[in-house]
Amino acid sequence: MSEAIIKIQNMNKWFGDFQVLKDINLEVEKNKKIVVCGPSGSGKSTLIRCINRLEEHQKGSIVVDGTELSENTKNIEQIRAEVGMVFQQFNLFPHLSILDNCTLAPIWVRKMPKKQAQELAMQQLEKVQISDQAQKFPGQLSGGQQQRCAIARALCMEPKIMLFDEPTSALDPEMIKEVLDAMVNLAKGGMTMIVVTHEMGFAKEVADEVIFMDEGMIVEKAETKEFFANPKSDRTKLFLSQIL
Amino acid sequence: MSKFTFLKSDRSNIQLVLITGTFLITISILDVFLNSFFKLNLISFLPSKVSFLTPFIIGMIGLNLIRIEYSGNKFLDVLNKNINTSNFNAALTLLIIFIIFKAIPPSLSWMILDANISGDTKEACTGTGACWTYIKVWFRRFMYGMYPNEQHWRINTAFLLVIGLGTFGLFATEKMKKFLALYYVVIYPIIAFLIIYYLISGGYFGLEWIETGAWGGLSLTFIVSFFCLIFCFPLGMILALGRRSNLPAVRYVSIGYIEFWRGVPLITVLFMSSVMFPMFLPEDFFMDKLVRVIIAITLFEGAYCAEVIRGGLQSLPRGQYDAAKSLGMGYWKMHIFVILPQALKLVIPGICNTFLALVKDTPLIFVVGLAELAGMLALAKTNPKWLGFAMEGYIFAAIIFWIICYAMSKYSYNLEEKYKTDR
Chain A
1 MSEAIIKIQN
11 MNKWFGDFQV
21 LKDINLEVEK
31 NKKIVVCGPS
41 GSGKSTLIRC
51 INRLEEHQKG
61 SIVVDGTELS
71 ENTKNIEQIR
81 AEVGMVFQQF
91 NLFPHLSILD
101 NCTLAPIWVR
111 KMPKKQAQEL
121 AMQQLEKVQI
131 SDQAQKFPGQ
141 LSGGQQQRCA
151 IARALCMEPK
161 IMLFDEPTSA
171 LDPEMIKEVL
181 DAMVNLAKGG
191 MTMIVVTHEM
201 GFAKEVADEV
211 IFMDEGMIVE
221 KAETKEFFAN
231 PKSDRTKLFL
241 SQIL
Chain B
1 MSKFTFLKSD
11 RSNIQLVLIT
21 GTFLITISIL
31 DVFLNSFFKL
41 NLISFLPSKV
51 SFLTPFIIGM
61 IGLNLIRIEY
71 SGNKFLDVLN
81 KNINTSNFNA
91 ALTLLIIFII
101 FKAIPPSLSW
111 MILDANISGD
121 TKEACTGTGA
131 CWTYIKVWFR
141 RFMYGMYPNE
151 QHWRINTAFL
161 LVIGLGTFGL
171 FATEKMKKFL
181 ALYYVVIYPI
191 IAFLIIYYLI
201 SGGYFGLEWI
211 ETGAWGGLSL
221 TFIVSFFCLI
231 FCFPLGMILA
241 LGRRSNLPAV
251 RYVSIGYIEF
261 WRGVPLITVL
271 FMSSVMFPMF
281 LPEDFFMDKL
291 VRVIIAITLF
301 EGAYCAEVIR
311 GGLQSLPRGQ
321 YDAAKSLGMG
331 YWKMHIFVIL
341 PQALKLVIPG
351 ICNTFLALVK
361 DTPLIFVVGL
371 AELAGMLALA
381 KTNPKWLGFA
391 MEGYIFAAII
401 FWIICYAMSK
411 YSYNLEEKYK
421 TDR
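Top line first, the protein sequences correspond to chains A and B.
Residue 222 in our numbering is what sits at position 222 of the first sequence, and the numbering runs on without skipping anything.
Residue 267 in our numbering is what sits at position 267 of the second sequence, and the numbering runs on without skipping anything.
Treat the hints with care, since some could be wrong.
Example chain B residues on the side facing chain A (calculated, C-beta under 8 Å, incomplete) [to be verified]:
{"#": "1", "residue": "E174"}
{"#": "2", "residue": "K177"}
{"#": "3", "residue": "K325"}
{"#": "4", "residue": "G330"}
{"#": "5", "residue": "F337"}
{"#": "6", "residue": "P341"}
Calculated directly from the structure, the hints in this document are not laboratory data.
Built from N, CA and C at the ideal position, the CB exists for glycine as well.
Given these sequences and hints, build the entire structure.
Spelled out as structure tokens, the structure:
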């Protein structure tokens, strides 16, 4: 059993008076793939945004790759560099070409020479099959292509962990597949992944564990087969009956 | 009944309607045209009040007649779509044509036909029109102020050098592009200042020293605008970022600064800079009046720039910040590479607006005794030898300012086009 790369203990988070996350406990081991699902507003996105501290938690502890995240964390940028993230709205930089989107952070954060960064970017773009679009701007690409570029951009930082925040929710049905394919390939390559998604097919295919959240709590956490075969809580059963 | 169908335009009677309509419109426009250009009145047989309105009424009927949907005639369709969609539109079209016809002859004759430009005294102006002799005689003053005539080459050379250095960015190679921002924000202003200081102010290298009080005219407008523009932009950027900062001290200082400078009129700021400010300085410390004025305008306009840039920063979606942060970028990297390039692109029209206002505010420095273009006009029009030519002067100044401002706004459109990428 390998060591946990993400360790969350008794984590609580409030937006004003509203408690979004309640007593979250979660350990993610290296190379594991976790799928987080649940109804909207259940705190899934907030949970993974806390892992790279795009949101701050108020209570409990989060340890990522041996470093605890807190107000006193000086090197938050270094941790974020190790944690790639893909967003629902892609969030590509519209003023930069696809290639520049991918090389920006490696050059300025990782201090990689420009040429090396471009080679790396082309490799990653090749993997998600949009290397032919490298010179275009994000606005000229379809949603699916943009999301694949966003995945490549995150991978260019060679992160240890990848977070996916509903990566297919803003896409047309026929584009979902191309993005999921890219994610499946990534999973097979051994990346540690936490994926918030409603794509249960994807969960069944690659996830080691599935977490079901509701109202800010982890309601159920089980191995994938177990989770779909015999869910324990009634809330999970109801959710699965609606989504499958 | 037959008359009724005649007035109803459709494709069946298109020939008839078109000919009648065109005839009526031509008559109406011709009447105004002849009346205004040749003092002829086609319909003088009518009582004067009726004849005044006749062209308009005839024109309206004509336009009403030719208003046919899908006539099949391409030209007519374009015409109808653009200037003749409704009665209101038709009336506006006619009125605009009439106003142009009425306005051209008098202004033309005043500005060109009856104007004088020969000679070099007031007496040469014998015509009833404008006296451009006045502008001609005073031209050097309007351009260079009280700067001695034989030294004007110094101003010209300095300007050419500054403009030349400003085009450096066009020739920069790929490798130097990284440093362009640094060049334009820090190095270029310093070099420009040194050029202007040593060449125009003089006192070194055998050049005669000429105090800033003697500077003036359009060249002073340029100097003041130039320095204020290049300094107020970075200042505004810093203030805009400061106002959005998470650090309370930085934020409140920025807010305080912006609200203070936006709350006081420029004219009081200028007065303070020249009258009050020296009182707070140590006795032996001297700062030139022109420098004080430039600093005052820069600080003032910086606050406006800040708010324009802040508008751009706020219009960026939060996802851009998230994405930059998630890639491990810190505050400065995130802003320099991701946020500012997008925000600044969005605020080009707003910044251009502020800059135009700045250029047109420069005449206010007259209140502290610096006479740029408009200031020189005010001096010239009170010269006893040349009384009574204020009109020519102000029209001249208006044209010059318009050219400057139009060039700036054109340039800003170009920038917008250049940096346009689809979102």
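We went through each hint and held it up to the structure:
no., hint, result
1, E174, "violated, 10 Å"
2, K177, "violated, 12 Å"
3, K325, "holds, 6 Å"
4, G330, "holds, 5 Å"
5, F337, "holds, 6 Å"
6, P341, "holds, 5 Å"
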